[in-house]
Amino acid sequence: MLKIKNLHVKLEEEDKQILKGVNLSLEPGKVHAIMGPNGSGKSTLSYVLSGKDGYEVTEGSAQLEGVDILDMEAEERAAAGLFLAFQYPVEIPGVGNMTFLRTAVNAQRKLRGEEEMSAGEFLKVVRAKAEDLKIDADMLKRPVNVGFSGGEKKRNEILQMAMLEPKMCILDETDSGLDVDAMKLVAQGVNALRDDKRTFLVITHYQRLLDHIKPDVVHIMANGRIIKTGGPELALEVENNGYADLLEEIA
Amino acid sequence: MAASSQTTSPTRALRDADLIDGSGAWAKEARLTASDRAQAAGLPQRRDEYWKYTRPDAFVQADVTLQASLRSGLNLFDQRNIISVAFEDGKIQAAVLPNAAQCTLESLASASVLDLHWARDVYGRLEEAGQNPIKRSLAAVNTAVAREGLLVNVTGAVEAPIHIHATSSGQSDAIIHHVIKVAAGAEVTLIETGQYGARSNIVLEVDVADAGRFHHIRVQDGNERHMLTHIFGRIGAEASFKSFTLTAGGQLTRNECVLQLLGDDASVSVAGACLGDGGFHHDDTVFITHDAVNCESRQVFKKVLRNGAVGVFQGKILVKAGAQKTDGYQISQSLLLDDDSQFLAKPELEIYADDVACSHGSTSGAIDAQALFYLRSRGVPEAKAVDLLTLSFVAEAIEEIEDEDLAQDILDHLTETLSAR
Amino acid sequence: MAMDDVQVKDGVDAETVEAVKALSGTYKYGWNTEIEMEYAPKGLSEDIVRLISSKNDEPEWMLDWRLAAYRRWLELKEPDWAMVDYPTIDFQDQYYYARPKSMEEKPKSLDDVDPKLLETYKKLGIPLKEQALLAGVEAPEGERRVAVDAVFDSVSVGTTFQAELRKAGVIFCSISEAIREHPELVRQYLGSVVPVSDNYYATLNSAVFSDGSFVYIPPGVRCPMELSTYFRINAENTGQFERTLIIADKESYVSYLEGCTAPQRDVAQLHAAVVELVLLDDAEIKYSTVQNWFPGDENGKGGIYNFVTKRADCRGHRSKVMWTQVETGSAVTWKYPSCVLRGDDSQGEFYSIAIANNMQQADTGTKMVHLGKNTKSRIISKGISAGRAQNTYRGLVSMHPKAKSSRNYTQCDSLLIGDKCGAHTVPYIEVKNNSSRVEHEATTSKVDDDQLFYCRSRGMDEEEAVALVVNGFCKEVLQALPMEFAMEAQALVAISLEGSVG
Chain A
1 MLKIKNLHVK
11 LEEEDKQILK
21 GVNLSLEPGK
31 VHAIMGPNGS
41 GKSTLSYVLS
51 GKDGYEVTEG
61 SAQLEGVDIL
71 DMEAEERAAA
81 GLFLAFQYPV
91 EIPGVGNMTF
101 LRTAVNAQRK
111 LRGEEEMSAG
121 EFLKVVRAKA
131 EDLKIDADML
141 KRPVNVGFSG
151 GEKKRNEILQ
161 MAMLEPKMCI
171 LDETDSGLDV
181 DAMKLVAQGV
191 NALRDDKRTF
201 LVITHYQRLL
211 DHIKPDVVHI
221 MANGRIIKTG
231 GPELALEVEN
241 NGYADLLEEI
251 A
Chain B
1 MAASSQTTSP
11 TRALRDADLI
21 DGSGAWAKEA
31 RLTASDRAQA
41 AGLPQRRDEY
51 WKYTRPDAFV
61 QADVTLQASL
71 RSGLNLFDQR
81 NIISVAFEDG
91 KIQAAVLPNA
101 AQCTLESLAS
111 ASVLDLHWAR
121 DVYGRLEEAG
131 QNPIKRSLAA
141 VNTAVAREGL
151 LVNVTGAVEA
161 PIHIHATSSG
171 QSDAIIHHVI
181 KVAAGAEVTL
191 IETGQYGARS
201 NIVLEVDVAD
211 AGRFHHIRVQ
221 DGNERHMLTH
231 IFGRIGAEAS
241 FKSFTLTAGG
251 QLTRNECVLQ
261 LLGDDASVSV
271 AGACLGDGGF
281 HHDDTVFITH
291 DAVNCESRQV
301 FKKVLRNGAV
311 GVFQGKILVK
321 AGAQKTDGYQ
331 ISQSLLLDDD
341 SQFLAKPELE
351 IYADDVACSH
361 GSTSGAIDAQ
371 ALFYLRSRGV
381 PEAKAVDLLT
391 LSFVAEAIEE
401 IEDEDLAQDI
411 LDHLTETLSA
421 R
Chain C
1 MAMDDVQVKD
11 GVDAETVEAV
21 KALSGTYKYG
31 WNTEIEMEYA
41 PKGLSEDIVR
51 LISSKNDEPE
61 WMLDWRLAAY
71 RRWLELKEPD
81 WAMVDYPTID
91 FQDQYYYARP
101 KSMEEKPKSL
111 DDVDPKLLET
121 YKKLGIPLKE
131 QALLAGVEAP
141 EGERRVAVDA
151 VFDSVSVGTT
161 FQAELRKAGV
171 IFCSISEAIR
181 EHPELVRQYL
191 GSVVPVSDNY
201 YATLNSAVFS
211 DGSFVYIPPG
221 VRCPMELSTY
231 FRINAENTGQ
241 FERTLIIADK
251 ESYVSYLEGC
261 TAPQRDVAQL
271 HAAVVELVLL
281 DDAEIKYSTV
291 QNWFPGDENG
301 KGGIYNFVTK
311 RADCRGHRSK
321 VMWTQVETGS
331 AVTWKYPSCV
341 LRGDDSQGEF
351 YSIAIANNMQ
361 QADTGTKMVH
371 LGKNTKSRII
381 SKGISAGRAQ
391 NTYRGLVSMH
401 PKAKSSRNYT
411 QCDSLLIGDK
421 CGAHTVPYIE
431 VKNNSSRVEH
441 EATTSKVDDD
451 QLFYCRSRGM
461 DEEEAVALVV
471 NGFCKEVLQA
481 LPMEFAMEAQ
491 ALVAISLEGS
501 VG
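Taken in order, these protein sequences are the chains called A, B and C. Using the working numbering, you'd call the opening residue of the first sequence number 1 and step up by one each time. Using the working numbering, you'd call the opening residue of the second sequence number 1 and step up by one each time. Using the working numbering, you'd call the opening residue of the third sequence number 1 and step up by one each time.
One chain only, chain A, in its complex shape:
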């Protein structure tokens, strides 16, 4: 699904190398987790993959289903099936959540050469999916993420994911700022979207999210590289021993 080869990335403004040769191969239908200490480059990886400005790829490639995505605009990547659930979803006052969703869904369809969804159909679908995530009608009417609690914002991200039906989902620190109940609800939403074609990349600092979204593969990232790859047991190891041991092991 997603193949990242020897990816080197630096910050445009500071001339600072953040990713120093990341290799990852994610198969369809699998859930991969990336764990790592703060500043290891996890969030940068998610931003670079989704096309945020301010980063310069100095070496390497990233392909989604065999197509190079690094030269695409952010919206083209989205239409190609890539989705990033933000660590800090952005507030957009004055733009209703529904308007936003419908604009996004139809924009993607248009870019893919598909027909736009009618207002009626859209409403039906969004209501059903919102209900699963316990998002009430009021939240749909309110401006995007404005006045939402931490949990509501993350649920709203998952709702967007459900509506946009991406192939490749990246979850950036989705558990940050959530209590246990909110995290469970979000995890349920994610799990409901798991199937044998859709791939997930779950970026997290702590193991606790992985109790709810069970990964197939766990990667440890440090200092801009993947330093270790293993099964779910690797996440537990980190939980028990911290990152220090692992980092020493490598050094």
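FYI, nobody ran anything at the bench for these hints, they're computed from the structure. Careful, some of the hints might be misleading.
Which chain B residues face chain C? A few, computed with CB under 7 Å, are given here [to be verified]:
hint : residue
1    : 264
2    : 265
3    : 361
With the Cβ distance kept under 8 Å, some of the chain B side facing chain A (calculated, not the full set) [to be verified]:
hint : residue
4    : 294
5    : 366
6    : 369
7    : 370
8    : 373
9    : 376
10   : 391
Mimicking BS3-like on lysine-lysine, the simulated pairs with C-alpha atoms at most 27 Å apart in a straight line are [claimed, not checked]:
hint : chain 1 : residue 1 : chain 2 : residue 2
11   : C       : 475       : C       : 376
12   : A       : 52        : C       : 475
13   : C       : 420       : A       : 52
14   : A       : 16        : C       : 373
15   : C       : 129       : C       : 376
As the structure is a computational prediction, the values presented were derived from the model and not from experiment. Every residue gets a Cβ at the ideal spot worked out from N, C-alpha and C, and that includes glycine.
Given the structure of chain A, go ahead and fit chains B and C onto it with the hints provided.
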């Protein structure tokens, strides 16, 4: 018969004989005193502090040289139940104005020939009160020479909005003077759309008596036209005044709003959203005087500018001694979509009472990169994303409109305007 | 009582309370020094300009410069846009030059200075001895020494620590001395930041300035001590026109302090100063002022009319200037310390407390003119009005088309004490490029009753409570001052508000 408004330019010498030709007693008096005011104050000059960011030249030059016809205009509120009044080239296009419950509609042309009329207590009076401390001589000129306008006497709650729609053809100069009198406890909504002339000088005087409510929604579009508007409002105790203007066209617009809060517990809101493109110059100049206790005033202005458009905001809150418990709020913000555009602001507070909470804020900057990325990561193309963020930016101003349906109409119109450009 | 419990704005500390409690009486510096003076004839003319120039043994180019300024001044009109109202100033009814007789022969060292003058400064808390003392605050041994240039009416009485500073390459002397000893530097920079014809008062100053301070910090030098100038107006009917020029060469740093007082007199006196700061690449200047000129009495009689032009030119890339002012004195204040951010990545900051009580009028603020790329400015202004005073913040933030990616943040807050005073805010914001971000916020409110009540319920009287709350309101600016000044400023805040409540 009276000189037609097309041939009366703002600087042509004001001759008493012309001014009072065909005027009834009350209009005669109002026109002559306004003429004295205008002559005493003189026309605005480039060096005037009050015209620091907008050159008055285009408004004071003798002849209008613009070819700015606007015939059709938008059908923005046509679906709503409205009381419709059409202006064409500065003339009301109806022999008999519509009848509506709780109010009477008359034209200035027909009322000014009478010797007695209710408008005498408002016409030119609020404009005169608004000349202190700053001279607004072009408004006085308007009072002196305007021959047409809509006079509305509101005695109860008028259900449907009164909608003025103006069209113009070519090189016309329009000087129009409206007067709205809202009786105690009465309520009315006035909508203004279209363009009165290639160059217009419009005065709207609004007298809101105790517990009265006045709502004003204005859409200014058009092409080359130049437009100078003044609103003069006198607001009584527990009364409410709300005015919102959307400007998405025209070459030069200056909207002045001068409000006096004279009764306790009153509230006013003046809001504006503007989309400027190319050779567009837009100036909002607001002066709100708090002269009573426990009043609230809000000024909310949002300007989205690109391709060298210029946005100006001059807003002042004056709190007089004794106007305690004043709550004054003022925000002016610009979104500059490219490097050629300019935002020039002078938000002022002048406060002589201590128990007040007044604030103003002003920001200027480019579109929020983070929000833009968020939208694009959801598949929204950049241009569309910019439109959405533009809507988001101006939303706070549109939210000042009380009637949700009308606010929705404005929002829809704005969305359409954005996607069309 | 436990001070930690007091919920006053932004944590006022015990130090403040002590400072506030230690105070009593009104204007502390209103006494007069009995000393024999020598005056130039009253009034202003070319002859007076020539006289001032000759008293200072100036070279001809300086006289020509002054005369050009004088002729220009004759053509200018007094500005009237500020929100200050005062009787027309009769410029012919002033003395433009007054110096103690004992200063006729320049003292060779501080030891030769008239003991009366030394006593005057000692009484002001500014001993002209080379020791670590300022404003009565004793500094720990070996730390924080302050060099002082003392200006008394029209002349500099003496400058301390000159020899030691010279070892570091720093020139610190009176401007009259600099014109004689360092003409190349003066000619290059004088009037280059504030042009002769900049404004009415600056032009007047250019014609008649008699003394002031000069500082040059050579490349790469961090000035080894703080420098300060203390201005004292003593003579009656005499205007003080001082001129300060500070040049911070590449990668240099200096912190400069300025204090001013005057005796209590019934007749208003004129003060029109010009301060020019020049910053080359990577230079930094901190300029702090505690302005405590006699404010006039509670009925508005007397006081100093203070018309000051202060401007910093950040010519160099990455240069940084910080203006901090505590304006408590003067009957009329007209003052806008400004920053021209010409160099890329240069920074300007303006921190201001302006207190106007009784009949005082203050119209003060700043201009931040962004010309270079990636320049930053910050304005924090706290205005306090009491009595029948009028206090105006007036400011300009201008982002030129070429000042890409620049930033400004402005916060300007006004506090009203009593219902007879006024607080006004007049900012101008001009943005001509879209990569820059400008944010302006302003608030006006009265002293919070809950805070006052809280303080009083803990045993403070009303004036103490007000002083405490006001100090909290000003905290952000007070913190920007060097330590010695911060203490003095806190005390001043309290004194200035005497009689404002009850």
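Hint-by-hint comparison with the structure:
1. Look at residue 264 of chain B: its Cβ only gets to about 16 Å from chain C, farther than 7 Å, so that hint breaks.
2. Evaluation of the residue 265 of chain B hint against chain C yields a violated restraint, the C-beta minimum of about 19 Å exceeding 7 Å.
3. Checking residue 361 of chain B against chain C by beta carbon gives a least distance of about 5 Å; that is within 7 Å, so the hint holds.
4. At its closest, the beta carbon of residue 294 of chain B sits 29 Å from a beta carbon of chain A; the interface hint therefore is violated under the 8 Å criterion.
5. Here the hint on residue 366 of chain B is broken, as its CB sits about 12 Å from the closest CB of chain A, past 8 Å.
6. Evaluation of the residue 369 of chain B hint against chain A yields a held restraint, the C-beta minimum of about 7 Å falling below 8 Å.
7. Taken as an interface hint, residue 370 of chain B checks out: its beta carbon lies about 5 Å from the nearest beta carbon of chain A, inside 8 Å.
8. For residue 373 of chain B, the shortest C-beta to C-beta distance to chain A is roughly 5 Å, which falls under 8 Å, so the interface hint holds.
9. Satisfaction of the interface hint for residue 376 of chain B is found here, the shortest Cβ-Cβ separation to chain A being roughly 4 Å, below the 8 Å cut-off.
10. Because the smallest distance between the Cβ of residue 391 of chain B and any Cβ of chain A comes to about 6 Å, under 8 Å, the interface hint for this residue holds.
11. A C-alpha spacing of about 22 Å is found between residue 475 of chain C and residue 376 of chain C, which places the hinted pair at or below 27 Å, so the restraint holds.
12. Restraint check for residue 52 of chain A and residue 475 of chain C: the C-alpha separation of about 40 Å exceeds 27 Å, so the hint is violated.
13. About 56 Å separates the Cα atoms of residue 420 of chain C and residue 52 of chain A, which puts this hinted pair outside 27 Å; it is violated.
14. The straight-line distance between the Cα atoms of residue 16 of chain A and residue 373 of chain C is roughly 22 Å, inside the 27 Å bound, and the hint therefore holds.
15. Restraint check for residue 129 of chain C and residue 376 of chain C: not satisfied, since their Cα atoms lie roughly 39 Å apart, outside the 27 Å limit.
This entry does not satisfy hints 1, 2, 4, 5, 12, 13 and 15, going by the numbered hints stated previously.
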